[in-house]
Structure formats: structure tokens, C-alpha cells
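Enquirer: Protein sequence lines, in the order shown, are assigned to chains D and F.
Just so we're on the same page, my numbering is the position in the first sequence counted from 1, plus 2.
Just so we're on the same page, my numbering is the position in the second sequence counted from 1, plus 4.
Rather than coming from a laboratory, the hints here were simulated on the basis of the structure.
Careful, some of the hints might be misleading.
[To be verified] Below 27 Å or equal to it, Euclidean Cα-Cα: the simulated DSSO-like pairs (lysine-lysine) are:
(1) F/K189 <-> D/K120
(2) F/K473 <-> D/K167
(3) D/K138 <-> F/K175
(4) D/K67 <-> F/K175
(5) D/K120 <-> F/K441
(6) F/K441 <-> F/K382
(7) F/K441 <-> D/K153
(8) D/K7 <-> D/K153
(9) F/K189 <-> F/K175
(10) D/K120 <-> D/K153
(11) D/K192 <-> D/K167
(12) D/K153 <-> F/K107
(13) F/K484 <-> D/K153
(14) D/K138 <-> F/K441
(15) F/K443 <-> F/K455
(16) D/K120 <-> F/K484
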Amino acid sequence: MLSIKNLQAKVEDKQILKGINLQVNAGEVHAIMGPNGSGKSSLASVLTGRENFEVTGGEVLFDGKDLLEFSPENRAREGLFLAFQYPIEIPGVSNINFLRTALNEIRAYHNEPPLEAKEFLRLTREKQKLVEFDAKLTNRSLNEGFSGGEKKRNEIFQLAMLNPKLSILDETDSGLDIDALRIVSNGVNKLRSEKNAFIVITHYQRLLEYIVPDFVHVLYDGRIVKSGAKELALELEEKGYDWIKEPVTTASV
Amino acid sequence: MPAEPVAAGKVFRYSFGSLGQYIIIMANNSADILEEYSDKEYEFGFVTDIEMDIAPRGLNEDTIHFISTKKKEPQWLLDWRLKAYQSFLKQPEPHWQNFELPKIDFQDISYYAAPKSRAKYKDMNEVDPELIATFEKLGIPLSEQKILAGVAVDAVFDSVSVATTFKETLKEQGIIFSSISEAVKEHPELIQKYLGSVVPHSDNIYAALNAAVFSDGSFVYIPKGVRCPMELSTYFRINSENTGQFERTLIIADEGSYVSYLEGCTAPKRDENQMHAAVVELVALENAEIKYSTVQNWYPGDKEGKGGIYNFVTKRGVCRGAHAKISWTQVETGSAITWKYPSVILQGDYSSGEFYSVAVTKNKQIADTGTKMYHIGKGTKSRIISKGISAGEGQNSYRGLVQVGSKAENARNFTQCDSLLIGDRCGAHTFPYIESKNKSATIEHEATTSKIGEDQIFYLNQRGIDTEKAVALIVNGYAKEVLNQLPMEFAVEAQKLLSITLEGSVG
């Protein structure tokens with residue numbers, strides 16, 4: 003589904019991705035871990051096409067198409083979803099109106115007619131229930147005055163509504179208490195299928211107890227320095243990141 | 005909006021600006037209607053019967069005599085005009101505004117234009133392409149585009165039948181809705197009693213000028229206890245011709261009555277008169293309510309601001325009786341300079357005033373707008389919601405006065421004044437003035453300034469929404485509180501207008 007080859011990118015003059023290689027297939031969940039500043043969130047930004055991030059080399063294929071050629075909105079329409087680490091507040095725009103606009107824009111891209119109001123509401127109710135999202139929040143302004151946990155849960159609700167092929171969860175666990183973490187994880191687990199895939203970016207192994215990954219990658223200094231099965235996360239939890247840093251330093255000398 | 009005015013299958017568009025007032029019926033099978041109305045002269049006396057001529061440029065007492073004679077006005081009105089002219093001469097131009105006032109040569113204006121609309125251009129090729137692009141986006145038919153842009157057209161056709169239907173309905177309820185000129189003849193007692201009673205002829209230099217030379221305008225009287233059954237607007241006081249740059253509107257709501265009045269048009273309208281100094285007076289008696297909504301989208305000039313209209317309007321309402329209510333709602337997107345402060349004098353006890361405003365400035369547009377709320381009666385309330393949006397190099401100022409007199413026990417005011425910036429070359433300014441002479445008054449003022457952030461745009465992009473739609477969504481969300489005050493169809497048009505106005509402002 004997603005094939006990243008030797009991806010390099012910089013922000014202003016700082017090289018932040020120094021050759022990322024990653025293959026994600028349908029049905030898989032990949033966890034990306036690593037210390038602060040290693041490039042985890044930058045990878046998410048580059049993949050989703052955030053301005054200021056300049057790709058300096060490599061390629062990214064998404065279902066065989068050159069992802070980097072697409073505008074940010076078209077990447078989303080192609081089925082790439084980012085659950086933001088810091089979801090944005092937009093006053094006066096109701097959550098539901100926003101979602102309907104988004105959904106219909108995506109449908110229009112695929113030459114599908116807009117969803118009828120009735121059908122849309124049915125879908126909303128179904129997904130709300132699935133991810134345990136408070137119905138009261140759907141009519142409020144987008145993320146405005148939401149608590150940290152509510153914002154994160156709203157991201158998962160949006161994910162459920164838009165039904166993307168590949169979802170990147172950028173530190174979705176940060177700032178969540180244990181109950182919220184469980185609800186968010188349950189939501190993701192219910193949405194997992196053979197047809198979609200997830201990239202879960204996190205600092206902590208804790209989230210991976212709930213969303214069990216097929217693969218774990220360690221990102222350090224703009225490169226994936228170690229990949230393994232889910233047990234790798236436990237090892238990281240135990241030993242910290244220092245032992246990962248060693249070989250890189252040595253290797254680059 | 006009034007009840008469906010035209011037969012099914014016909015698309016109905018209207019324009020009801022301070023300038024040309026006309027109605028156009030774009031009929032799918034329009035040949036018959038076209039024929040029927042294209043060469044029809046007015047039958048109902050909306051337009052005063054005047055020869056086709058133009059007053060020579062310049063302003064002096066002769067000009068005023070000329071206008072008054074042309075309009076066959078009574079002596080008292082001529083006297084009033086002359087008094088106004090004297091006070092115009094005495095007043096300096098104001099200097100407190102937050103922009104540089106362009107030099108206006110009052111002697112270089114013709115104060116009486118022939119009422120036939122004169123074409124400015126021979127064909128569409130001569131019109132600013134930006135303007136045409138906007139017409140296209142608004143989905144305005146070509147024939148109408150020409151009228152709006154001031155291009156010569158073969159036929160301007162008005163719907164006399166629509167007007168008649170409405171007039172009948174209104175007449176049954178005793179509602180008077182006519183041009184001021186007509187009202188001067190038909191209801192001189194009302195005009196004499198109320199004209200200039202809210203905005204005196206000496207109020208300010210532009211109001212004085214208006215009183216001296218006003219061409220025409222609308223008059224509304226709602227009798228006691230009558231709730232006007234439709235939204236009133238000049239668009240069915242049919243008059244395809246320019247009322248000129250000095251329009252005057254007078255609305256009187258008698259005890260316990262209600263009226264909602266619409267002014268303006270979402271389509272950008274070009275006009276050869278650069279400066280407009282209109283006057284609007286509202287009088288609400290005991291328990292009466294007047295709701296006045298404006299959508300103003302006059303030509304803002306090209307990207308450099310050339311050729312745009314200066315809109316210097318004096319709008320004021322008075323809640324004369326207890327529990328009266330006046331509400332102003334405005335969406336201002338056009339004009340090179342918009343300079344106006346729709347105000348309410350809260351004279352009656354427990355009367356209330358509201359002001360809801362969205363003002364957009366882009367390119368080199370300037371808006372210095374806001375409101376004045378004068379609390380005189382006890383228990384009076386006012387509410388001010390102002391939403392400024394600045395893009396490009398636009399400069400947007402909110403200027404508001406809340407004045408509480410010594411007898412206004414327990415007066416309350418709430419003001420919320422927000423500014424939204426798009427880009428980093430525009431400006432937003434807030435000038436609140438609060439004067440209270442009564443300790444029991446409660447006055448609240450809230451102000452925010454925000455910027456459409458790249459983060460917001462990216463967030464929406466990431467959900468499949470392109471940047472133009474994202475800006476539209478954000479701006480409409482921001483202005484929602486004001487747009488909600490507009491009558492339904494008007495609100496939808498205004499929403500669309502905001503989106504189109506700001507197209508291309510980001511990125």
C-alpha cells in the first residue's frame with residue numbers, strides 16, 4: 003500500500019529525514035518509535051504534504067501512485083489520514099458540517115455523489131457508537147473548547163467517518179488518561195481491517211499494549227535504525243533509546 | 005423574503021441597492037415577458053415625471069432650486085433643503101477617521117442626473133475582467149452582468165406585475181411603501197413629521213449634503229399593530245433607474261408593529277458616482293420592532309483600489325417608545341472606502357438596539373465602521389457583534405460608541421468585537437468609546453484578534469478540503485453569529501459572497 007524509498011527531507015536548512023525506507027501493506031499496523039526530535043512527526047508531515055517540508059530525495063508510492071506529486075487535499079482524498087498530535091480548533095464551524103464537507107469532497111474526487119442527509123446522519127450515528135464518541139460533541143464547533151482527550155477522540159471519530167486506507171496516528175496517546183487511551187485504542191482496533199493499514203507514532207510502549215502492532219520501527223536522527231516485531235517495543239521500554247543511538251553514531255563515522 | 009412572486013419555471017433575481025433599483029426576471033421561456041415589459045413605461049408613478057436632463061456640475065442654491073423644481077416639491081421641503089445646504093457650507097470635513105480622506109471636489113459633481121441609466125461601456129470587453137470573473141462565480145446571467153457593470157443593454161425589463169401584487173397585499177394592511185418623492189405628495193404629514201427627525205439636516209457634512217440634494221429613496225410606514233407580512237426591500241418598489249448617490253430612506257414603525265427591511269445586493273454593482281452619501285432614518289414607536297439588513301457589495305475598485313466607490317452613509321434609528329427594538333445587520337464586502345456607523349437612540353424605557361456586522365476588506369479596501377448606542381431610557385439594552393475580516397492590504401477599523409445617560413437606570417450593553425486577519429499585510433483596528441453617566445449600568449466589551457493560520461488550512465486540507473473551501477469554511481464559521489441574523493435566503497447569498505470575496509486571499 004505504502005512504499006517509502008530513501009526518503010529525504012528538510013525544513014529550512016535542516017535535514018530532518020535522511021533516507022527513510024518503509025513498506026506498509028494492507029492489513030498491517032506499524033509502530034514508529036524513537037526519542038524526541040528523531041523525525042517521527044516530520045515523517046507524518048512529509049507524507050501528508052505539509053508546507054515548509056521540502057523533499058530532497060527518494061520516493062513514496064501510495065497504491066502505486068507517486069504520493070509526493072499530490073496536493074495535501076488530494077493525498078487525503080486518495081485515502082491518507084493523519085490523526086493530529088495537536089488537533090486544530092476552528093470556531094463557528096460545526097463538527098458535523100465540517101465532516102460532511104470533508105466526506106463529500108472525498109466522494110466527489112472519486113466521482114461519487116454527495117451523501118444524502120439521511121444517509122450521512124445514519125453513518126454519523128453508527129460511527130459515533132463504534133468509537134464511543136459523545137454525540138453532544140458532533141454539533142459543537144470543531145474542537146473548540148474540547149478537552150485534550152475529546153480532541154483525540156474526535157480525530158478517531160473523523161477517521162471512522164472518512165474511512166481512509168492508511169491512517170497515521172501521531173502521538174495520539176499523548177495527554178490521554180488511561181480510560182481515554184482505552185477508548186481511543188478500542189476505536190482503532192474496531193476499524194482495523196484487511197483493507198486498511200495504520201502507522202502508529204508513539205513515544206511509549208503503553209499504547210502498543212492496546213493497539214498491537216505487526217512491526218515496530220525505531221527512528222533516530224532521520225533514519226529507521228532498527229525494525230522488529232512487537233517485542234522490540236518492550237525492549238525499548240526496558241532499555242531506553244541509548245543503546246539504539248550507539249550503532250548509528252559508530253556507523254556514520 | 006416575500007411569497008413566491010413569479011410563476012414557476014422562471015428564475016427571479018433582484019437588485020435593490022441604494023443605486024439603481026430594478027427587478028429583472030430571467031425567464032426560461034422569457035420571450036413573452038421580455039416583450040411585455042421591455043418597452044413598458046411605468047404606470048404606477050414610482051418615478052417622478054421629469055424631463056431627461058442633467059444639472060450642470062457644481063453645487064449652489066440654484067442647484068437645489070433646480071432639483072426641487074424638477075421634483076415639483078412643496079415649499080417646506082425646498083426650505084428644508086436650503087437650510088441643510090447652509091449647514092453643509094458651515095461644516096468642515098471630519099478628520100478623526102482612521103484613513104486618509106480622499107479629496108472630494110463637491111463642485112465637480114452633478115447633483116441631478118437624468119433618471120435614465122446611462123451606459124458607461126459599449127461592451128463587456130471594456131469591463132474589469134476581475135469583475136466579470138466574480139459575476140461568473142455568482143452565476144449571474146450575462147444580460148444582468150451588463151446592467152450591473154454599466155454596459156449598454158437593449159432592454160431592461162421590470163416586472164410591473166410583481167410590484168402590483170405586492171402593493172395590493174401591503175395596501176390591504178395599510179402599509180405604505182413607496183418612493184420618498186411619492187410619499188411627499190401622498191403623505192406629506194408623515195414626511196413633514198419624520199423627515200430629518202432622526203438624522204437632522206445639520207447632523208454631519210455628508211448628511212447635510214444629502215438633505216440638500218437627495219434625489220429619492222424609500223419610504224415605509226407600518227400602521228399600529230401591523231406585522232408586515234413580507235420582508236420589504238426596494239426591489240419591488242420598482243425603479244430601474246438610478247436614484248443617484250444621495251439616497252434617503254425613512255422607515256416608521258407605529259406602535260406594536262414589526263417590519264424587516266432589506267437593502268443591497270450581493271452582486272457587485274458598478275456605479276459612475278464615486279462618492280455616495282446616503283441617509284437612513286428609522287423610527288420605532290412603543291413596542292414596535294424594525295430589523296434592517298444590508299448586504300453591500302459595491303465595486304471596490306481594481307486591485308490598486310482605483311475606481312472604487314466611497315460609501316459615506318449616515319444610518320440612525322430611534323426607539324421612541326417603551327419596549328421598542330431596532331436591529332441593524334450588515335454585511336459589507338464592497339466599496340473602496342466604507343465609512344458608516346448605524347446607530348440606535350434608545351429613548352423609550354426598556355427599548356433595545358442591536359448591531360451585527362461583518363465587514364471585509366481586501367486589496368486596498370478600507371472600512372471604518374461600527375455603531376453608536378445611546379442609552380437614554382431606563383432598562384435599555386444594546387448588543388453589538390462586530391466581525392471584521394481583513395485580507396491583502398485591507399484596513400478594517402471598528403469604531404463604536406456606547407453612551408449611557410444619567411437617567412438610563414440599569415442600562416446594559418454587551419459588545420463583542422472580533423477581527424480576523426488573512427495574510428500579514430492587512431490591518432485590524434478597534435476604537436471602542438464608552439461613556440457612562442449612570443452607575444447602575446452594565447457595560448461589557450470583549451475583543452479578539454485571530455489569524456487564519458496555516459495550521460487551520462492544513463488541518464482542513466488533510467481532511468480532503470481544498471484551500472479555497474477551507475478559507476470559506478473558516479470565514480463563514482467566524483461570521484456565523486452575524487449571518488444568522490439575516491433572513492434565510494439573504495444569509496445563503498451572503499455566505500456565498502463571503503467565500504467568493506476572499507477567494508485567492510490565502511496561498
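Enquirer: Against each hint, give a clear statement of whether it holds in the structure.
Expert: So, going through the hints one by one against the coordinates:
1. Among the hinted pairs, F/K189 with D/K120 is inconsistent with the structure: their alpha-carbon atoms are about 56 Å apart, more than 27 Å.
2. This hinted pair checks out: F/K473 and D/K167 have alpha carbons roughly 24 Å apart, not beyond 27 Å.
3. With a C-alpha separation of about 48 Å, the suggested pairing of D/K138 with F/K175 is violated against the 27 Å cut-off.
4. In summary, the hint linking D/K67 to F/K175 is not supported, as the alpha carbons are separated by about 68 Å, beyond the 27 Å threshold.
5. The straight-line distance between the Cα atoms of D/K120 and F/K441 is roughly 56 Å, outside the 27 Å bound, and the hint therefore fails.
6. Between F/K441 and F/K382, the direct Cα distance comes to roughly 12 Å. Compliance with the 27 Å bound is thereby established for this hinted pair.
7. Pair hint F/K441 plus D/K153 does not hold up; C-alpha atoms about 46 Å apart against a cutoff of 27 Å.
8. Restraint check for D/K7 and D/K153: the C-alpha separation of about 33 Å exceeds 27 Å, so the hint is violated.
9. Annotation: proposed proximity of F/K189 to F/K175 holds, straight-line Cα distance about 17 Å (limit 27 Å).
10. For the proposed pair D/K120 and D/K153, the alpha carbon gap of about 26 Å is at most 27 Å, so the pair holds.
11. Under the criterion of a C-alpha separation no larger than 27 Å, the hint pairing D/K192 with D/K167 is consistent with the structure, at around 14 Å.
12. Between D/K153 and F/K107 the CA atoms are separated by roughly 54 Å; this puts the pair beyond 27 Å, and the hint is violated.
13. Note on F/K484 and D/K153: the hinted pairing holds, with a Cα-Cα distance of about 22 Å set against a maximum of 27 Å.
14. Proposed proximity of D/K138 and F/K441 is contradicted: the alpha carbons are some 44 Å apart, above 27 Å.
15. Restraint check for F/K443 and F/K455: not satisfied, since their Cα atoms lie roughly 37 Å apart, outside the 27 Å limit.
16. Restraint check: the Cα-Cα separation between D/K120 and F/K484 comes to about 24 Å, which is no more than 27 Å; the hinted pair holds.
The earlier numbered hints that this structure contradicts are 1, 3, 4, 5, 7, 8, 12, 14 and 15.
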